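**Student:** Spelled out from the first residue to the last, the chains are:
There are 2 protein chains.
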Amino acid sequence: MNISKRAQAMQESPIRKLAAIATETKKRGTQVYHLNIGQPDIHTPEVYYENIRNYSDKVLAYGPSDGLDELKGAMVEYFSRYGINLEKQDVIVTTGGSEAVSFAFNVIADPGDEIIIPEPFYTNYNGYAALSNINIVPVTTLPETGYHLPAMAEIEAKITSRTKGILICSPNNPTGTVFSEKEIRGIAEIAKKHNIFLLADEVYKEFTYDGEKHFSILQMEEHKDRVIVMDSISKRYSACGARIGAVISKNRDIMKSIMKFAQARLCPPTLEQIGAIAAYKQPLTYFDNIISEYQNRRDTLVEILTSNPEIVLEKPKGAFYFMAKLPVDDAENFAKWLLGEYQLDNQTVMVAPGAGFYSTPGKGSQEVRIAYVLECEKLKRAGNILLEAIKAYNA
Amino acid sequence: MNISKRAQAMQESPIRKLAAIATETKKRGTQVYHLNIGQPDIHTPEVYYENIRNYSDKVLAYGPSDGLDELKGAMVEYFSRYGINLEKQDVIVTTGGSEAVSFAFNVIADPGDEIIIPEPFYTNYNGYAALSNINIVPVTTLPETGYHLPAMAEIEAKITSRTKGILICSPNNPTGTVFSEKEIRGIAEIAKKHNIFLLADEVYKEFTYDGEKHFSILQMEEHKDRVIVMDSISKRYSACGARIGAVISKNRDIMKSIMKFAQARLCPPTLEQIGAIAAYKQPLTYFDNIISEYQNRRDTLVEILTSNPEIVLEKPKGAFYFMAKLPVDDAENFAKWLLGEYQLDNQTVMVAPGAGFYSTPGKGSQEVRIAYVLECEKLKRAGNILLEAIKAYNA
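Same order as they appear, the protein sequences are chains A and B. Quick note on our numbering: the first sequence kicks off at 1 and runs consecutively. Quick note on our numbering: the second sequence kicks off at 1 and runs consecutively.
Be a bit skeptical, because a hint or two may be false.
A pair counts as met if it fits within one copy or between any two copies, since identical chains are not told apart.
Subject to a maximum C-alpha distance of 27 Å in a straight line, what follows is the list of computed BS3-like cross-link-like pairs (lysine-lysine) [what the hints assert, rightly or not]: (1) Lys224 with Lys5; (2) Lys58 with Lys281; (3) Lys158 with Lys5; (4) Lys17 with Lys5; (5) Lys58 with Lys380.
Honestly, the hints are just simulated from the structure, not real lab data. The structure displayed is predicted, hence computed values, not measured ones.
If we strip away everything but chain A, and leave its shape as in the complex, we get (with noise of 0.2 Å):
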């Protein structure tokens, strides 16, 4: 009787792990400031609750499998506004980003198939292919080249007879890197050539500075078949407890395989998708304050940070994230006594350590992953507790 392999072989949260050392600091009456963490601080639009507190009907009936279909068109609606053109039948509503990762991994791949993946990546990807017994074979990006693809060979190296698809989250979490419109065409020019899928997880999509614009695989519409989005609502309408996302792909047989996922789930939570329906009715300018505001928060902390030359750190253009490399001999150690040992004036600081983020052994020892979802005036403060705990750590 016992715990099958792939639950096994599954991590655990690699962020969750110093949770135990959080609550202990905080039982001390120690401040934490919780940088490790992709949970925005933004409002929840009022429009998603009012709409839910307007629901009506007396039973909370089953919903179709792929989402209610208000839904499905406010999101095609709002898509078309990106000139990116869609029709009801390109969309599967899911329960969260997750659940759409689930279904495009298991629609691509099978047991020992491979997917090709940059790293550091998200980790929840490691989850689900453990949980469906599916390789991610890593591409490595560096620091000091701000995160961006290597050489196209390095990648297209990778490949082999087992490989499915390559997979690309862009503005990128954990990096914040917004990969250019000639990176994501170069990797679709490979997945062509070895007649593979292009996968992309674009929850991030509205999140990018400095003038740079969001390019998505969806805009080629030469590569349609090969294509498959990823997408949720966590991020973009500050809803991550809603557990709303998306599948989408103009390849009717993966559709028509991923609805008889979505059909053995039933459906996505009703209530929830009453939500979506109104926060996906606003316009598109309802973003530009909250994009201006975790601009200032990008540029605040990365400001106070590269004061250290010994941290590399390139600012990147997208996410509410960024990877910094720091001057420490193990990040991991280190974001470990920042939390548990280290105080200024009774508050710390809690970042992600970047090994988890990577699948190659040994990388990433020196990073950690940074969110910037708190206020200008405490990240100032955690960014300068930061610098001094790197200070004292090396002394």
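Given chain A, put chain B in place with the hints provided.
**Tutor:** Just chain B now, kept in the frame of chain A:
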């Protein structure tokens, strides 16, 4: 660039296959009585909606991966009313019973492993087994014996070196059969003897009739390390769209591993959990009227159908379904014909063909599943249409 084998292997929902015919029939103006799907018409408790309307957090944030602490507490309290003592750590809130099934399957079985399930069974077990490359090994139960378990030796004979668990669903979907304490203890002894897990889907716990009581596998203290329960509020509180369920086990290693699965999908939907808290806080007397209503419905429909002595139907003691063996050559053809071609005073009935609930090819070809989720007056009408249709079909 192919669809994965697991996606290809996944069967389409046998109920939803008829959906297109139903749509056409309704377009022609013919009324359809839906006895095909387990969507109760009972109102969701008003407190469910009320608690959500009163939610005042400005940010709909990620909740804990194992569910909101207050909901876990309410679930533990609910079980205590049945004399089942749980601790919060024995419960992980899931996104619907579906996810509880997925977690339970994946924590005990790797690709190629086997789980024994009495058939006919809930079709979505197939979906999750296909997705996870697990083989379901059926033990056939018969309409003539009210779909009770066969001799224990017959079940035991199915065990191989790849068998990881036995799953029972009681009260049963699709048969309505409530397995006796003796049957369940018998299964547990087999599980113990072969050192495998014992899984139970207990989502119809409340729905037992004629004084019959549900016996939970959680009541067997001596087997607690091998017991995993999959639960849901969908039927209990008529909240199918909520997607709130739970996986319950006192085995620490199992729960620790399931927690990793839970972390990969971050959290269950927050607002639906808020609703569920209020639903669970209602006293057990909440179910009294609902149970007597379902018992009346069952009695009404069973009485009508058994007026045809050629219909094999032993009145079941639970859930809100039964299977009936009809005097027709092929129940799927009959169901299609009934829905698409037959009508009585411009009304007809939709039932679920039985074969889809079996994994042994050829089984269930004369059976249908009937859900009594309509008011008695409608059920009378639907029952009479069925009787007349059988005559017409065979004429």
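**Student:** Can you list which hints this structure breaks, lowest number first?
**Tutor:** When the structure is compared with the hints, none of them turns out to be violated.
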